[in-house]
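Mind docking chain B on chain A? Use the hints.
If you read the protein sequences in the order shown, they are chains A and B.
The numbering of the first sequence is numbering that gives the first Met the number 0, which starts it at 0 and goes up by one.
The numbering of the second sequence is numbering that gives the first Met the number 0, which starts it at 0 and goes up by one.
Honestly, I wouldn't trust all of these hints.
Unchecked claim - Computed spacing ranges between beta-carbons, pair by pair:
1) B:N925 <-> A:S135: 51 to 57 Å
2) A:S135 <-> B:E738: 18 to 24 Å
3) B:K152 <-> A:Q169: 27 to 33 Å
4) B:P159 <-> A:S135: 20 to 26 Å
Keep in mind that the hints were calculated from the coordinates and are not lab data.
Ideal placement from N, C-alpha and C gives every residue a C-beta, glycine not left out.
Listed below are the residues making up each chain.
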Amino acid sequence: MTNQKHQFDASPVLVEDLAPAPRMSLRVKPAHRATLGQALGLDLPTRVGARVAAGGTEALCLGPDEWLIVAPEGTDLAAPARAVYADAPHSLVDISDREITLRLTGPAVLDLLAACCPRNVAAMPVGSAARTVFDSATVILWRDGPTDFRMDIWRSFAPHVGSLLSQVRQEIAAGL
Amino acid sequence: MSRYRIPGKGRVDHSAPVSFTFDGKTYRGLRGDSVASALLANGVHLMGRSFKYHRPRGAVSAGSEEPNALIGTSRGAGRFEPNTRATVQELRAGLVTESQNKWPNLSFDVGAINDRAYMLFSAGFYYKTFMWPKSFWDKIYEPVIRGAAGLGKSPTEPDPDHYASRYLHTDVLIVGAGPAGIAAALSAAQSGADVTLVDENPEMGGSLLSDPAVQIDGKPAWDWVEGQLGRLRAAGVRLMTRTTAIGYYHQNMVGLCQRLTDHLDNPPKGAPRERMWRVRAGQVVLAQGALEKPLVFDGNDRPGVMLASAAQTYLHKYGVKVGNNPAVITSHDSAWYAAFDLSDNGAKVAAIIDTRDSVRPDLAEGARKRGIEVLNGHTVTTTKGRLRVKSVRAAPVRGTHVGTGRSIPCDCLLMSGGWTPSLHLFSHTKGSLAWDGASNTFLPDRKTEECEIAGAGRGLWGYEAVLADGAAAGLRALEGLGRAGHEGRFTVANDRPGTGVSHTELPTDGNAGKARAFIDFQNDVTAKDIRLAVREGMRSIEHVKRYTTNGMATDQGKMSNINGLMIAADALGKQPPQVGLTTFRPPYTPTSFGAFCGYLRGETFQLTRKTPIDPWAEANGAVFEPVAQWRRAWYFPKPGEDMHAAVLRECKATRASLGIFDASTLGKIEVAGPDAVEFMNRMYTNPWTKLAPGRCRYGLLLGEDGFIRDDGVIGRLSPDLFHVTTTTGGAARVLTMMEDYLQTEWPELDVWLTSTTEQWATVALNGPNALTMLKPLVEGVNWDDFPHMSCAECTVAGLPARLFRLSFTGEVGFEVNVPARHGLTLWKALMEAGKPYDICPYGTETMHVLRAEKGYIIVGQDTDGTVTPADAGLEWAIGKAKKDFVGKRSLSRPDIVAKGRKQLVGLLTEDGSLLQEGAQIVLDPNQPKPMKMVGHVTSSYQSTMGHPIAMAVIEGGFDKMGETVFIPMPDGVRKAKITSTVFYDPQNERLKA
Chain A
0 MTNQKHQFDA
10 SPVLVEDLAP
20 APRMSLRVKP
30 AHRATLGQAL
40 GLDLPTRVGA
50 RVAAGGTEAL
60 CLGPDEWLIV
70 APEGTDLAAP
80 ARAVYADAPH
90 SLVDISDREI
100 TLRLTGPAVL
110 DLLAACCPRN
120 VAAMPVGSAA
130 RTVFDSATVI
140 LWRDGPTDFR
150 MDIWRSFAPH
160 VGSLLSQVRQ
170 EIAAGL
Chain B
0 MSRYRIPGKG
10 RVDHSAPVSF
20 TFDGKTYRGL
30 RGDSVASALL
40 ANGVHLMGRS
50 FKYHRPRGAV
60 SAGSEEPNAL
70 IGTSRGAGRF
80 EPNTRATVQE
90 LRAGLVTESQ
100 NKWPNLSFDV
110 GAINDRAYML
120 FSAGFYYKTF
130 MWPKSFWDKI
140 YEPVIRGAAG
150 LGKSPTEPDP
160 DHYASRYLHT
170 DVLIVGAGPA
180 GIAAALSAAQ
190 SGADVTLVDE
200 NPEMGGSLLS
210 DPAVQIDGKP
220 AWDWVEGQLG
230 RLRAAGVRLM
240 TRTTAIGYYH
250 QNMVGLCQRL
260 TDHLDNPPKG
270 APRERMWRVR
280 AGQVVLAQGA
290 LEKPLVFDGN
300 DRPGVMLASA
310 AQTYLHKYGV
320 KVGNNPAVIT
330 SHDSAWYAAF
340 DLSDNGAKVA
350 AIIDTRDSVR
360 PDLAEGARKR
370 GIEVLNGHTV
380 TTTKGRLRVK
390 SVRAAPVRGT
400 HVGTGRSIPC
410 DCLLMSGGWT
420 PSLHLFSHTK
430 GSLAWDGASN
440 TFLPDRKTEE
450 CEIAGAGRGL
460 WGYEAVLADG
470 AAAGLRALEG
480 LGRAGHEGRF
490 TVANDRPGTG
500 VSHTELPTDG
510 NAGKARAFID
520 FQNDVTAKDI
530 RLAVREGMRS
540 IEHVKRYTTN
550 GMATDQGKMS
560 NINGLMIAAD
570 ALGKQPPQVG
580 LTTFRPPYTP
590 TSFGAFCGYL
600 RGETFQLTRK
610 TPIDPWAEAN
620 GAVFEPVAQW
630 RRAWYFPKPG
640 EDMHAAVLRE
650 CKATRASLGI
660 FDASTLGKIE
670 VAGPDAVEFM
680 NRMYTNPWTK
690 LAPGRCRYGL
700 LLGEDGFIRD
710 DGVIGRLSPD
720 LFHVTTTTGG
730 AARVLTMMED
740 YLQTEWPELD
750 VWLTSTTEQW
760 ATVALNGPNA
770 LTMLKPLVEG
780 VNWDDFPHMS
790 CAECTVAGLP
800 ARLFRLSFTG
810 EVGFEVNVPA
820 RHGLTLWKAL
830 MEAGKPYDIC
840 PYGTETMHVL
850 RAEKGYIIVG
860 QDTDGTVTPA
870 DAGLEWAIGK
880 AKKDFVGKRS
890 LSRPDIVAKG
900 RKQLVGLLTE
910 DGSLLQEGAQ
920 IVLDPNQPKP
930 MKMVGHVTSS
940 YQSTMGHPIA
950 MAVIEGGFDK
960 MGETVFIPMP
970 DGVRKAKITS
980 TVFYDPQNER
990 LKA
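Bound conformation, chain A alone (with noise of 0.2 Å):
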């Protein structure tokens, strides 16, 4: 048995709903990936996993044509993407209300991950992300401190992962 306790303030773990943000998901080939990063503000990563931030704004590169874009309620990304469309094409699609993030903290934070996640969380870097599987769920997984999480679960899933992640929640909890 280990020394944890059933108090509330010093739950191993917390799970949070985060309010939505503007998120968009931008499509562009290599050749054109500085020309939409100038114009966004961004200077977009070309490696996997690695994100940039600018003024709030926050760029993951999910593959070598694919970046998720977060930013501050009222951003506008569109009309200075829209402005270099025809010399840089591309496609800048609202998917803002295509996925709910939870942030999820606490000590016990990769225990819970690692409760559903195949991927060996503990080994990525702060400051990165992945797309990767919460048990059968496709999500996005972007680490911001050692215990610090969020998570990008498409709407529909989100009662399974949430289920899911109050049951693990119930066996830190009981400490075994």
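Positioned in the frame of chain A, the structure of chain B alone reads:
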């Protein structure tokens, strides 16, 4: 305290008594006991009845390989478990246990009549005995055999416990925390490597816990173990007890089952009973040790006959003497130490019977010093005693001659036939084994995974050798990770090295044909059965195994495989490797279904997707049906309504005024880019170039084979942007197919695909009042130019929306898409605005009926992967002028254009009865069976038109309009007329309103 417990001895807590029951009787054990050790401490050896012959049996081992002492355990309702190994189950307060396979009770069992009739139950008896008369098989033999077969009672209640799962990535996983495993962990836990050490037992230390007199680096074994475990813990090594490595899979994935609560008196609330770990290890060190082999002689299964190492474990770990007057029969040095230790703890050892003519002088001296009689070059020919061994008969062997024997009284008999390295996990990797003639065992040979095998698991013996080997293996594992470290060295005093010889059955002067010399205790297989199998033609050990069932019980032959092989090889006159070794399969030891199941039960049994409007449907009494991964509202019954009544009401309300439907599950794909229209032209059969922005079109998607794969209405929002919809079930498949073509066939196109299924919540409005009701809520649409099959970006009820005017019902229809977070708000706003029109929420069943009345197909229901556009009457959807599209070439293949293909038609029954979906159709109901079936019913519903309607695929159906076909059903043959598939409003007047 009982007379078999030695006060103060062992690793049990003598100050903490624990009471439990066995077959209704209360016993006392100690904290730290296993059920078996607690029973033995109470002088109870009889723990069960054997599987086939119902022979009395006791614990033969002290570990997870136990074949005999299988009991039922219970901790209340739903928590009964059959076939728990008494040697593994730790004692906990209030544990209720019972013996199995006995009636009326354990000491007097009627089923034991089987034992008298053993001649009838020889190997393969069920293949021979129950052959005739044939008619007896179903009614008599099989039910009786099934009733008698199986060991233990299955639980009948749902298991209320939780089971957990966990993934783990570790640099080095070490399986087995005996001396080799601990030494390996000490080597591996250097240079910052992440190390995990697991052991199936409650405590780490392995054989050292049963050999406390051994000294390592000047420390007594137990102190050394404690010290090293402390070092490992301090180095950050993950130490996991009660954790069995059950399987070794590809690329160094090892499954671990961790038992968390079965040993606890009061498990914490919410704690899982077991946790399955899926470990991906950089390197694996297998330090599983070796299992002692029984010797094979008549009466070797009597309670009180057990492995010598088990007696040693009971003595040192649990402080239990298994008997006061033990005899020993051995062919290996190790059993001598067990005899010495028992003697040193007050037992009077009756004799050490060794099959070898001479033994090491120090062993002989040890026996002499203790006054133990030694019978070298002897065999054991039989044992006596009904429920407990009372005597053993030993006889001298000279060459092949067995001399006159004599009976030696004893209260237990310890046997050792040598040791078998545990190669189960290694075998899971398909690593090859090599036969070692010197030790008569298989040893690991060629490896297929990044693993090391250390210690007794590869045939080594003696603590110094095993520790050195473990240290070397741990270092190799570390170096395999590209890290460096130094190798630990250990000096051992009071080591217990040993060698032995191997036997088939022990020689006897009795009638070998009557000997009950057991090999597989759990399945009641004797040496005689193996020889019989060979006489009857079995040549491979795999056949011998299946014919005799040797090694096929839940212990997977941990004790019996090598003895069975040796005897089969002897009977065949071959070397053992020529006869082969049976395959080990996961799991290593029996594992609960719950552990495999993990979280996937109850509401998380399977992923269920829910729409944003699902909570409203649930609150409003919807009955749901699963559609792909989704749960969708099927229909909304009002009090007293059955499904039929509810669906008919929903259909009529929609046709009469207004229906509302949650269509959020429709797949949606954003196709964007300068080449979007070119891409659409290539993917779909339809022409897209001339579709103006703001207009929609029904799109048909084929496979390369020309058969229908998917369909859906597609809107062009701008020259470079299409909003594609797919079927609910086809969403992921269609996107994958499109991406495949885009990435592999047409990478030059500037077009990108994004799944927006979940971005939008979609609400469908249908009915003659749909337009009237919706108009006031919409801003940004020019209604003068918004005919059927239009689309627009606008607002609906103040929410940003994509509005489609289309119909899947035949009525005026709209699909309103809003960002998913607003889905429920939109739904409620529409319900409110629809009140004056008696708006009626409807589910998928009504949707199906309404579309069927219009002859709209559902891909996957009316098509089955062999239906072309022409077969479905959809040739109009093909852009004939297009140069190419996916599937175009196939549409001109001879068998695709041939006459007589199955074509989609309507059916109306003559008697107005409802046809069954899937029912087969014939042209002549009087033809001889088997009849020629010309098609089948694909859709069938009660309709709003007062009679049922159906759709069917029928060979040459388009040329048979008006003809009668027949549908033979169990309750009679139905007659139906072939019609058009469009039953309702064939002129599409209602869409134009």
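Here's how the hints hold up against the structure:
1. B:N925 <-> A:S135: 51 to 57 Å: 52 Å, holds
2. A:S135 <-> B:E738: 18 to 24 Å: Holds: the Cβ-Cβ distance is about 20 Å, inside 18 to 24 Å.
3. B:K152 <-> A:Q169: 27 to 33 Å: Between K152 (chain B) and Q169 (chain A), where Cβ atoms are some 31 Å apart, the hint holds.
4. B:P159 <-> A:S135: 20 to 26 Å: 25 Å, holds
Consistency note: the structure conflicts with none of the earlier hints.
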